[in-house]
Amino acid sequence: MTHATQVVLQVLLADPAEEYYGLELSAATQLPSGTLHPILARLESLGWLESHWENADPRAEGRPRRRYYKLSPDGIVQAGAALARARAEAAKLGTLHPGLAGGVR
Amino acid sequence: MIGTSAALSAEQDLPRAVQRIRRLTRTLREDLVLAGVHDHRRKYYLGLSRALTRNLSSQLTVAIRHARLEGELEIVGELLAVQSRISQLRADVDVAVDLTGHLTTVGLTRADFDKAAMIVADLDLGPGLSIKTEIARGVALDRERVMTQMALAVNAAVSRARTHADAMEHGLNWSLPTTGARRRSPLFVVPTVVATTAVPSASRAPMSQRLLDLAVRALPVEHRVRYLEEFRGELADLGKRRLRYAIGVVIGALPLRHSLRQTWDD
Numbered sequence: 001m002t003h004a005t006q007v008v009l010q011v012l013l014a015d016p017a018e019e020y021y022g023l024e025l026s027a028a029t030q031l032p033s034g035t036l037h038p039i040l041a042r043l044e045s046l047g048w049l050e051s052h053w054e055n056a057d058p059r060a061e062g063r064p065r066r067r068y069y070k071l072s073p074d075g076i077v078q079a080g081a082a083l084a085r086a087r088a089e090a091a092k093l094g095t096l097h098p099g100l101a102g103g104v105r
Numbered sequence: 001m002i003g004t005s006a007a008l009s010a011e012q013d014l015p016r017a018v019q020r021i022r023r024l025t026r027t028l029r030e031d032l033v034l035a036g037v038h039d040h041r042r043k044y045y046l047g048l049s050r051a052l053t054r055n056l057s058s059q060l061t062v063a064i065r066h067a068r069l070e071g072e073l074e075i076v077g078e079l080l081a082v083q084s085r086i087s088q089l090r091a092d093v094d095v096a097v098d099l100t101g102h103l104t105t106v107g108l109t110r111a112d113f114d115k116a117a118m119i120v121a122d123l124d125l126g127p128g129l130s131i132k133t134e135i136a137r138g139v140a141l142d143r144e145r146v147m148t149q150m151a152l153a154v155n156a157a158v159s160r161a162r163t164h165a166d167a168m169e170h171g172l173n174w175s176l177p178t179t180g181a182r183r184r185s186p187l188f189v190v191p192t193v194v195a196t197t198a199v200p201s202a203s204r205a206p207m208s209q210r211l212l213d214l215a216v217r218a219l220p221v222e223h224r225v226r227y228l229e230e231f232r233g234e235l236a237d238l239g240k241r242r243l244r245y246a247i248g249v250v251i252g253a254l255p256l257r258h259s260l261r262q263t264w265d266d
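If you're matching them up, the sequences are chains A and B in order.
Here the first sequence stands for residues 1 to 105, where the numbers follow the numbering used here.
Here the second sequence stands for residues 1 to 266, where the numbers follow the numbering used here.
Be a bit skeptical, because a hint or two may be false.
Claimed, not checked - Partial list, computed: chain B residues near chain A (C-beta under 7 angstroms): (1) Pro220; (2) Glu222; (3) Gly233; (4) Glu234; (5) Gly239; (6) Arg241; (7) Ile251.
Just so you know, these hints were derived from the structure itself, not from any lab.
Here a beta-carbon is modelled for each residue, glycine too, at the ideal position from N, C-alpha and C.
Given only the sequences and the hints, what does the whole structure look like? Please build it.
The structure is reproduced here in structure tokens:
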């Protein structure tokens, strides 16, 4: 799992009930839209994310509708487990190679 | 190629780039006609379509990397819009992208067919065949079906690209400046389904809108309407950063296309 995907999942897991649209997620994760949307598409295809159009009239709002994303019930479980695995792997690497550059054990 | 400083190099570099792309696409079109019949040219036009896409993408990357000011970005955007306005190029890029997707889906090379045919010919196809031989025989026997599927896919891609090019031509004629005066579309016309969606902010950021349209054309057809509206919804909330956002979406279009066509095994 890429670092960018982990960042997206961390933000979504911070409050699983919260819904975000693309720009909000982009601001929260500091990821550009060109990076963010492919990640959202993959997570959605996996069933980890649910998305829906906002319930608003574009004419009344004066802008096109937003697409909101949030973690699905299955996504909450899977994302939590995936992040835990990623952290464990990172910790393991740190243990195995405490001094990569200097070769110190 | 669109140069590092769009304002300085556009006059010299853009015509050369357009000329090269036109030459490539002319050959590509000829090959597409043959594609439904002759397998031996498949690798060639697959490589050509990839080269075409890579060419466009590298131009964009170079231009973005060196355009630091909003004004420069706008010039880059204009160049991209002009480039996308060349009708033959537009249609052929669509065909090239779609075709690459189809060929990837089919996933079999000429070498596969030949190898399979050779194995089947050399072996005694009696009982106790190995799994590999069974697969090879299956591939060899299935060749006609696969080729028919490819021919149908190519025909569908060409037909869809033509329709799309017509719609784009109509939309761009409205939204691009003509004879010195800027004409803006009251409604952005691309696929007919999109045209039913009102876009109140269209007149405020026409360049950004055109770039978003350019970006969604790289996506699989079934996802274009959704993402066009989604990107426009986000664009409407931005102020001066609209153009930068739209260019970011263009850059991310191919990765997004890849994500939409792939299942994730991570």
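Here is how each hint holds up against the structure:
The restraint placing B/Pro220 at the interface with chain A is violated, with a minimum CB-CB distance near 11 angstroms, outside the 7 angstroms limit. A cut of 7 angstroms between beta carbons decides the hint on B/Glu222: the least distance to chain A is about 13 angstroms, and the hint is violated. At a threshold of 7 angstroms, the smallest CB-CB gap from B/Gly233 to chain A is about 4 angstroms, leaving the interface hint in force. Of the supplied interface hints, the one on B/Glu234 holds, with its beta-carbon coming within about 5 angstroms of a beta-carbon of chain A, less than 7 angstroms.
Given hint, B/Gly239 at the interface with chain A, is violated; its Cβ is 12 angstroms from that chain's nearest Cβ, farther than 7 angstroms. Contact between B/Arg241 and chain A, as hinted, is not supported at the beta carbon level, the nearest pair being about 10 angstroms apart and thus beyond 7 angstroms. Because the closest C-beta pair between B/Ile251 and chain A is about 5 angstroms apart, less than 7 angstroms, the hint holds.
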